[in-house]
Amino acid sequence: MLLGTFVGGFIEVFVPQEKITRWLPEGRFATVFIAAGLGIFFPVCECAVVPVVRRLLNKGVPLSAAIAFLLGGPIVNPVVAASTAVAYFFDWSIVVNRLAFGYAIAVATGILMDTFFTKAQAIRSDILVSQNFSHHPESADKGGSISLRRKIGGAVNHAANDFFDIGRFLVIGAFLAALIQTMVPRYLFSSVASTPVSSISIMMVLAIVLNLCSEADAFVAASLQWTLVPISAQLAFMILGPMLDIKLLLMYGRVFRGRAIIVLSSLTFMLVFLSMMARTFVIK
Amino acid sequence: MKEKVKKIIAVFSIFLPAITFIIWADAYFWLLKGDRYKAFLQPKLRPLLILAMMLLLTFVVASISQSPWKKKETHITDVWLRAAILFVPALFLWTVYGQSLGTHALTQKAFDTEDIISLPQTPLEHSSISDTAVITISLLDLCKDAEKFEGKFIATEGMVFRKDTIAENTFKIFRFVIFCCAADALPMWISVNSGKSRNFENETWVKVEGKCKIDKINGRQVISIDAVAIQVIPTPPPEKQYLFFY
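One line per chain: the protein sequences are A and B, in this order. Residues in the first sequence are numbered consecutively from 21, following my numbering. Residues in the second sequence are numbered consecutively from 849, following my numbering.
Hints in this document: simulated from the structure, not taken from any laboratory. Errors might be hidden in some of the hints.
[Said to hold, decoys possible] In silico SDA-like links for lysine to any residue, alpha-carbon gap of 25 Å or less:
no., chain 1, residue 1, chain 2, residue 2
1, B, Lys855, B, Ile933
2, A, Lys171, B, Ile933
3, B, Lys854, A, Asp185
Generate coordinates for the entire structure from the input sequences, incorporating the hints supplied.
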C-alpha cells in the first residue's frame, strides 16, 4: 500500500490529465478491456491498487476503466499467476481459470457500473472537486514551470497524505480479519460445503472475511484440494478475495459513494458466484 | 490557559502525520534489526521492508516540509483519530513479539480437523536406528515429499498437539508454514506413534526420530512417524519458529 500511494502521488504530479486522455483508446468500452489487463504490466496487490485508482479517477480516467483496473489488476498479473501455479503444483488450468475469470468479471463489472452510475454519482465529491479544481500547487495539471525537485516533493506529499488518509482502513480491516480468523474455525466453512451452491457461497464468504493478499491466497485455497470443496469453489475464493473483502470495503469508502459501494460489491459477488456456478456445470 | 492548550494541540496536530511516519519507520527498523521480521514475514520480503522504511522516511520529510495550505484541510480530531489507528500496528508489533501461532491457531486454521483429532493408531514396529542413517528434515519438506522418505529413518522438529480423545501413545507434531506473512500461515502436521504413553504438554517443542510411514485414509495421504526417540528441545527463537514456502 505504501508503494501504491507513492505511485499515486507521482501520477498526480507527473502525469497531466490531457496526456491520460490522449493515451486512452477511443470507444466507450475499449478502455475497459485494456484497463482490466493492465496488471500484467503493473502488478499490484489489492491494497496498493486503491490509492492508484483514486488518483487515476482524479485524472479523468473513466469510471468503467478505473473499476476494471481496480478489480482486475490484483488478479490478472504475473505475481499472482506465479503464486497460484506454485500453490497448485503447476496445474496451469487453475492459473488460466483464475486469470481469465478474474479478467472477465473485472470487465463486466466495469461496464455494468458505468451503465448504472455516472462518474459524479459513483465517486466521492472530494475526488471530483480536486479533479475539477486542482488546488495542489505541484499538480501536473497546474501548468507553468515547476522545478523537478519541487515536483518530487509534491508527489511525496500526495503519497504521504494518501497513506495517512487510507492507511487507517487497512489497519481496521486487518484487525477485523484477525478477529474473525481467531474466533471462527475454518473447518466450519469446509464442513458445510457439500453442494456446489453451498461450497461456492461459503468460500466466497470466507474470501471476504479472511482478507488475504492476492499473492498469498492461492496457498490457502490449495490446502483445500484434498477436501470435498470443489475446484470452482476454490477459484471463487481466489477470484473474489482480491476484489472484495473487509479491508477493501473500508478502503473503497475513500473513493466511492455508499450506494456505489453497495452496487459494486453486490455485482462483484453475483458475477463471481454465477460464473463459478456456470463453470461447475459446464465442466461437469 | 484553555486557549493555550488548544493552540499547543493544534500545533502538535500539524506534526502528527510526521510523528506517525517516524513511528512506522522505526517499527520497520526494529523488524529488520536482528531479523525480527522473520517472526512475522517471509524472509524474501526483506528488500521490500527496507524500501518501505525508506519511503516512510521520505514521508516524514515531506510531512514536515508540507505547505501550510494542506495542513488546514483536515479537522484536528480526525488527524488524531487517524494517527491513533495507524499507531496500533506498531504497538501490536512491539507487544506481540515473542508469541507465535500455537494449538489454538492450529485448530482454527485447519480446514479438516478430522485428521487432526483422530488419526489411525497403528501398532508400533519396534525398530532400531543405531545402524541406520537418520535424515534430518523439516516438517514442510517431509509433507511435500513424503513418498521420498517412506520407510526411511528421519528426524524432524515441531510442536506437540494432543487431544484427550486420542490414544496416549499417539500425538501430532505441527508447524506453521508461511508464504507471505503470518496471516496466510498454514498448519502442517504429522502423526507420531510413540509406542508408550508420553504426556507431552501441547505446544512443547520436540525432536522426533523414527521411521516414516504413509497411510491412505479416505483417499488422503496421512504421514506418520513410528518414533524410536522423542526429545524435548528448547523453544526456538520467534524468528525461527515458522517455516517458509520457497
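Results for each hint:
Among the hinted pairs, B:Lys855 with B:Ile933 is consistent with the structure: their alpha-carbon atoms are about 23 Å apart, no more than 25 Å. With a C-alpha separation of about 30 Å, the suggested pair A:Lys171 and B:Ile933 falls outside the 25 Å cut-off, and the hint is violated. The hinted pair formed by B:Lys854 and A:Asp185 meets the criterion: a straight-line CA distance of about 23 Å does not exceed 25 Å.
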